[in-house]
Amino acid sequence: MRNKLFLLTALVLGIVACRHTATEPGPRAYQLDIPSGLPEMPVPADNPLTEEGVALGRKLFYDPILSGNQTMSCASCHKQEFAFTDGGKAFSFGIDGKLGTRNAMPLFNLGYQRGFFWDGGAADIESQVVGPIQNPVEMHADLAIVLGRLNAHSEYPTLFEKAFGTRTISSVLLMKAIAQFERTIVSGNSKWDKYLRGEATLTDAESRGRIVYEDEDKGDCTHCHSIGSTFSDFEYRNNGLDSVSADAGRALITFLATDSGKFKTPSLRNIALTAPYMHDGRFQTLEECVEHYNSGLQHARNLDPSLRNKVKNRLSTQQKSDLVAFLHTLTDYELISNPKFAKP
Amino acid sequence: MLRKLLLTACAGAFLISSCKKSDSNPSPGSIQFSISNEVDGQPIQMGPLNFQNAKGNDYSVSMLKYYLSNFSLLTADGTEVPVNSSYYLIDASLPASESFSIADVPAGAYTKLRFHLGVDSLHNHSGTQSGALDPVHGMIWNWNTGYIFFKHEGSYKDSLGNVTPLAFHYGSDRGYVQVELPLSNLNIDGNTRKITLGFNLNGLYANPIPIDFNLDNNRTSGNRDDVFWEMTMRSNFPGAFQIIKTE
Numbered sequence: 283m284r285n286k287l288f289l290l291t292a293l294v295l296g297i298v299a300c301r302h303t304a305t306e307p308g309p310r311a312y313q314l315d316i317p318s319g320l321p322e323m324p325v326p327a328d329n330p331l332t333e334e335g336v337a338l339g340r341k342l343f344y345d346p347i348l349s350g351n352q353t354m355s356c357a358s359c360h361k362q363e364f365a366f367t368d369g370g371k372a373f374s375f376g377i378d379g380k381l382g383t384r385n386a387m388p389l390f391n392l393g394y395q396r397g398f399f400w401d402g403g404a405a406d407i408e409s410q411v412v413g414p415i416q417n418p419v420e421m422h423a424d425l426a427i428v429l430g431r432l433n434a435h436s437e438y439p440t441l442f443e444k445a446f447g448t449r450t451i452s453s454v455l456l457m458k459a460i461a462q463f464e465r466t467i468v469s470g471n472s473k474w475d476k477y478l479r480g481e482a483t484l485t486d487a488e489s490r491g492r493i494v495y496e497d498e499d500k501g502d503c504t505h506c507h508s509i510g511s512t513f514s515d516f517e518y519r520n521n522g523l524d525s526v527s528a529d530a531g532r533a534l535i536t537f538l539a540t541d542s543g544k545f546k547t548p549s550l551r552n553i554a555l556t557a558p559y560m561h562d563g564r565f566q567t568l569e570e571c572v573e574h575y576n577s578g579l580q581h582a583r584n585l586d587p588s589l590r591n592k593v594k595n596r597l598s599t600q601q602k603s604d605l606v607a608f609l610h611t612l613t614d615y616e617l618i619s620n621p622k623f624a625k626p
Numbered sequence: 057m058l059r060k061l062l063l064t065a066c067a068g069a070f071l072i073s074s075c076k077k078s079d080s081n082p083s084p085g086s087i088q089f090s091i092s093n094e095v096d097g098q099p100i101q102m103g104p105l106n107f108q109n110a111k112g113n114d115y116s117v118s119m120l121k122y123y124l125s126n127f128s129l130l131t132a133d134g135t136e137v138p139v140n141s142s143y144y145l146i147d148a149s150l151p152a153s154e155s156f157s158i159a160d161v162p163a164g165a166y167t168k169l170r171f172h173l174g175v176d177s178l179h180n181h182s183g184t185q186s187g188a189l190d191p192v193h194g195m196i197w198n199w200n201t202g203y204i205f206f207k208h209e210g211s212y213k214d215s216l217g218n219v220t221p222l223a224f225h226y227g228s229d230r231g232y233v234q235v236e237l238p239l240s241n242l243n244i245d246g247n248t249r250k251i252t253l254g255f256n257l258n259g260l261y262a263n264p265i266p267i268d269f270n271l272d273n274n275r276t277s278g279n280r281d282d283v284f285w286e287m288t289m290r291s292n293f294p295g296a297f298q299i300i301k302t303e
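If you read the protein sequences in the order shown, they are chains A and B.
Numbering of the first sequence is given in this note's numbering, commencing with residue 283 and proceeding in unit increments.
Numbering of the second sequence is given in this note's numbering, commencing with residue 57 and proceeding in unit increments.
No lab work stands behind these hints: they were computed from the structure.
Treat the hints with care, as some may be off.
Simulated restraints on C-beta separations [to be verified]:
no. : chain 1 : residue 1 : chain 2 : residue 2 : range
1   : A       : Asn433    : B       : Thr167    : 40 to 50 Å
2   : B       : Gln234    : A       : Arg449    : 37 to 47 Å
3   : B       : Pro221    : A       : Arg431    : 27 to 37 Å
4   : A       : Tyr615    : B       : Pro151    : 52 to 62 Å
5   : A       : Ser511    : B       : Pro151    : 21 to 31 Å
6   : A       : Thr353    : B       : Leu216    : 30 to 40 Å
7   : B       : Asp281    : A       : Glu569    : 35 to 45 Å
8   : A       : Glu569    : B       : Ala110    : 54 to 64 Å
9   : B       : Pro238    : A       : Asn591    : 55 to 65 Å
10  : B       : Lys111    : A       : Ala528    : 25 to 35 Å
11  : B       : Pro221    : A       : Ala528    : 38 to 48 Å
12  : A       : Ser511    : B       : Lys111    : 52 to 62 Å
13  : A       : Asp499    : B       : Pro221    : 37 to 47 Å
For every residue, glycine included, the Cβ atom is placed at its ideal position computed from N, Cα and C.
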């Protein structure tokens, strides 16, 4: 099937190429490499992935030119070695030494998601880009100044021309380029994925942990962090961290009281790499996270129904450590070593 | 082939319609808008603590920016005629932003002008837009995809006499406000009319609910603690606009 598609694409490309003059090839389509455990990724029609666009987005992602004083890039808080999180910090400092209020999120499999940020406030990957650039607690830059710098740069106008056919760099094109790179960061080669493909075997502890993960009376994690594929349904929920949440979460966006204290259910892929945990980085270890679900659930008004009647201390010490062992199988070492995602 | 047919058909239709027009049918005109940003009739001067609101707070303006959008005209029988779906970013420090012209206004006799403060929900949730909605204008939120509809930054003298920063950032789907103003018979028939539209900052801070800067001085839509302020602003916006003159 894939081969057929490829042939078809090649044919179409061939025809298109014939019609154009040979000297202007235009950007080349980027072939997304989706591992077997993940679905096809939707890509918006007005921002198709191209080799040139992705390469440009990657360069921008790592370039401090986007910040006010040119000291901070997206990668300052989203580091590849930590599955594109901040590496151990609950909150990240911006260029002025100001502290944010939420834990930096990992960046992978973004193309499968609908809302971005812990509260889903950013509507799409493109639109999200200008948030951190302008935010006073992050890169704190004036977008007009950043665009001025890019337009006066020795390389960027040419790179934008190659990717988008124009040397004039606008906010829209800046957003599109970075979003293209972000969509290519796909993670689906963990031990768990390899086990499903018959390329790896799980230890006894890992296999037992998987059962706890799915058992409704035990972990029941799969209820929200759906097992397989993206390991989350990305719905907004309250998982009982506080009886009254200091951060209104999703309600900041929807203004609905019923959304107060709800946050986007995060993927549990690469979870061993992204400590600390939760929207405010309150837990340092996976053991603490598991213990939260075992004995620490707070009866918030909007606590998810599936967590309402959970028996306290239902997990044995063995089950807890098995569950953590299973969570470790979700680490994708190829994600953190893939040179395609590294600083160019 | 099909295209050619269509083209001919179109051309034909045009010819017919243009022939008709020259006789008696009314034809579209245009309206030039001039926005007068003011405080109780005083022009807004950026910087000094020149102004005083209904609550007696002395205040200044260092930035005043807001979006106006989706203009329409109403006839006496209440029929709404949309004239323009553009977005205008008014900036009190940029005279060029304070006048704009709307062309192709259908002919008719109009008794009301309708427009909105802010950006409608259809366009409020994408950052990848250009023109007035380009994020480069600094009118988008950092943490969610959406526009800041209105910004007033400056300072005020607090109850102890200290000059303190003032920052109002307003904008959310629920804060998109419709404004409707009476027109004294605006007839459009191939002509250009001029409307001077006033925006009175003191009106915004007075009617129907007065705002006291000692209580509200650093407010942002979406903050839980700022909901009351946001609702007050929403109810006050319509009264802050008035038609100063029609020419």
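Cross-check of the supplied hints:
no., hint, verdict
1, Asn433(A) with Thr167(B): 40 to 50 Å, "holds (48 Å)"
2, Gln234(B) with Arg449(A): 37 to 47 Å, "holds (42 Å)"
3, Pro221(B) with Arg431(A): 27 to 37 Å, "holds (29 Å)"
4, Tyr615(A) with Pro151(B): 52 to 62 Å, "holds (59 Å)"
5, Ser511(A) with Pro151(B): 21 to 31 Å, "violated (56 Å)"
6, Thr353(A) with Leu216(B): 30 to 40 Å, "holds (39 Å)"
7, Asp281(B) with Glu569(A): 35 to 45 Å, "holds (36 Å)"
8, Glu569(A) with Ala110(B): 54 to 64 Å, "holds (59 Å)"
9, Pro238(B) with Asn591(A): 55 to 65 Å, "holds (60 Å)"
10, Lys111(B) with Ala528(A): 25 to 35 Å, "holds (32 Å)"
11, Pro221(B) with Ala528(A): 38 to 48 Å, "violated (25 Å)"
12, Ser511(A) with Lys111(B): 52 to 62 Å, "holds (57 Å)"
13, Asp499(A) with Pro221(B): 37 to 47 Å, "violated (55 Å)"
The structure fails to meet hints 5, 11, 13 from the earlier list, while all remaining hints are met.
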